[in-house]
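A.B. asks: Sequence:
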Amino acid sequence: MPLLKKEAPPSGASHKPGAQGSELARSFGMSHKGHVRQVNEDSYLDLPQKGLWVVADGMGGHEAGDVASQLIVESLRQAPLNGSLSDRLNEIEDVLDRVNRSLLERGRAQAQGDPSAAAGRQSVIGSTIALLALEDKQVGVVMWAGDSRVYRLRRGGLLEQVSSDHSQIATYLKQGLITPEEAKTHPERHIITRAVGSQEDLFLEADLCELASGERFLLCSDGLTRHLSDAEIGQLLGEGTPQEACQKLIDLTLSRGAKDNVTTLVVEIA
114 MPLLKKEAPP SGASHKPGAQ GSELARSFGM SHKGHVRQVN EDSYLDLPQK
164 GLWVVADGMG GHEAGDVASQ LIVESLRQAP LNGSLSDRLN EIEDVLDRVN
214 RSLLERGRAQ AQGDPSAAAG RQSVIGSTIA LLALEDKQVG VVMWAGDSRV
264 YRLRRGGLLE QVSSDHSQIA TYLKQGLITP EEAKTHPERH IITRAVGSQE
314 DLFLEADLCE LASGERFLLC SDGLTRHLSD AEIGQLLGEG TPQEACQKLI
364 DLTLSRGAKD NVTTLVVEIA
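Heads up: the sequence shown begins at 114 in my numbering, then just goes up one per residue.
Since the hints were made in silico from the structure, they are not lab data.
Where a beta carbon is used, it is the ideal one built from N, C-alpha and C, also for glycine.
Be aware that a few hints might be false.
[Unchecked claim] Straight-line alpha carbon distances no greater than 30 Å define the calculated DSSO-like cross-link-like pairs of lysine-lysine that follow:
no., residue 1, residue 2
1, Lys-297, Lys-287
2, Lys-163, Lys-287
3, Lys-287, Lys-372
4, Lys-297, Lys-372
5, Lys-250, Lys-361
6, Lys-163, Lys-361
7, Lys-361, Lys-372
8, Lys-250, Lys-297
[To be verified] Label-pair ranges, simulated between beta-carbon atoms:
no., residue 1, residue 2, range
9, Thr-298, Leu-198, 25 to 31 Å
10, Gln-162, Glu-206, 26 to 32 Å
11, Glu-218, Asn-195, 24 to 30 Å
12, Ala-325, Asp-200, 21 to 27 Å
13, Ala-383, Phe-316, 30 to 36 Å
14, Lys-250, Asp-200, 17 to 23 Å
15, Thr-284, Ser-342, 34 to 40 Å
16, Glu-313, Ser-277, 34 to 40 Å
17, Gly-269, Glu-345, 14 to 20 Å
18, Ser-277, Asp-314, 15 to 21 Å
19, Asn-195, Arg-221, 31 to 37 Å
20, Glu-273, Ser-135, 20 to 26 Å
21, Glu-313, Ala-383, 37 to 43 Å
22, Ser-197, Leu-271, 26 to 32 Å
Between the sequences and the hints, there should be enough to build the whole structure, so can you do that?
C.D. replies: Encoded structure:
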């Protein structure tokens, strides 16, 4: 399985926040390039009318990670996504499979056009993905690949990390090879092991969720979780409206240096 490292990008686009609402949920998303990166390689999709929310964190640096995350978001935005949740999930998987193949082809073409590239080398133009899709107010599905996360804040204030990181550090932690404190400064902390555009077959992990009115989901890039603890995320996620929660999460990240792009997307079940 390929190992991918996120690198600082030289160019790209930023994202403006937007508020959305529907019978299923109300939501708000924000993205900021941070204080170090010159480009925002994060993208997000806020489509409550279709019961779909996505955060994508591009990778590849000068190899156009912003292109990867934007392609994911725009491809899903343009998809019809009709029918039952099962039908929509099948369509989402088909869309992401096509994006995966497209990114692999772009990577091969870029490597062939690079005279400094080693023979047989393939450039990686890829992106993580964290996705929430709702059937109704009772049932939803979380899907992901990479280290962008999905959190769930239950009405009693209990925060759960629904997703599990696909990263080298997560593997080491699971095997007991390093401690959580060591993970913060480990030289391989930026390496992820699964993403859209990283390998021929796309593998998405998924979790079915039974929902309750008033609980919240947070989809975020690792630019947030590098700077905030789960306890801090849980506290801020429950404060005010989804827009206010997003703003507080972004503001605290920026106050701590924001060494990476940071994206937050808060979804409150109606």
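A.B. asks: For each hint, tell me whether it holds in the structure or not.
C.D. replies: Hints, one by one, checked against the model:
1. Lys-297 - Lys-287: Holds, because 15 Å separates the two Cα atoms, which is no more than 30 Å.
2. Lys-163 - Lys-287: 36 Å, violated
3. Lys-287 - Lys-372: Distance ~26 Å between Lys-287 and Lys-372 Cα, so the pair holds.
4. Lys-297 - Lys-372: 14 Å, holds
5. Lys-250 - Lys-361: 26 Å, holds
6. Lys-163 - Lys-361: Within the cut-off at roughly 26 Å; holds.
7. Lys-361 - Lys-372: Holds, at roughly 17 Å.
8. Lys-250 - Lys-297: 37 Å, violated
9. Thr-298 - Leu-198: 25 to 31 Å: 41 Å, violated
10. Gln-162 - Glu-206: 26 to 32 Å: Between Gln-162 and Glu-206, where Cβ atoms are some 21 Å apart, the hint is violated.
11. Glu-218 - Asn-195: 24 to 30 Å: 28 Å, holds
12. Ala-325 - Asp-200: 21 to 27 Å: 25 Å, holds
13. Ala-383 - Phe-316: 30 to 36 Å: Given range 30 to 36 Å: holds, Cβ gap about 32 Å.
14. Lys-250 - Asp-200: 17 to 23 Å: 19 Å, holds
15. Thr-284 - Ser-342: 34 to 40 Å: Because 21 Å falls outside the window, the suggested range is violated.
16. Glu-313 - Ser-277: 34 to 40 Å: Violated - the Cβ-Cβ distance for Glu-313 and Ser-277, about 23 Å, lies outside 34 to 40 Å.
17. Gly-269 - Glu-345: 14 to 20 Å: Between Gly-269 and Glu-345, where Cβ atoms are some 18 Å apart, the hint holds.
18. Ser-277 - Asp-314: 15 to 21 Å: Since Ser-277 and Asp-314 have Cβ atoms about 19 Å apart, the given range 15 to 21 Å holds.
19. Asn-195 - Arg-221: 31 to 37 Å: 34 Å, holds
20. Glu-273 - Ser-135: 20 to 26 Å: 24 Å, holds
21. Glu-313 - Ala-383: 37 to 43 Å: 40 Å, holds
22. Ser-197 - Leu-271: 26 to 32 Å: Between Ser-197 and Leu-271, where Cβ atoms are some 30 Å apart, the hint holds.
The structure fails to meet hints 2, 8, 9, 10, 15, 16 from the earlier list, while all remaining hints are met.
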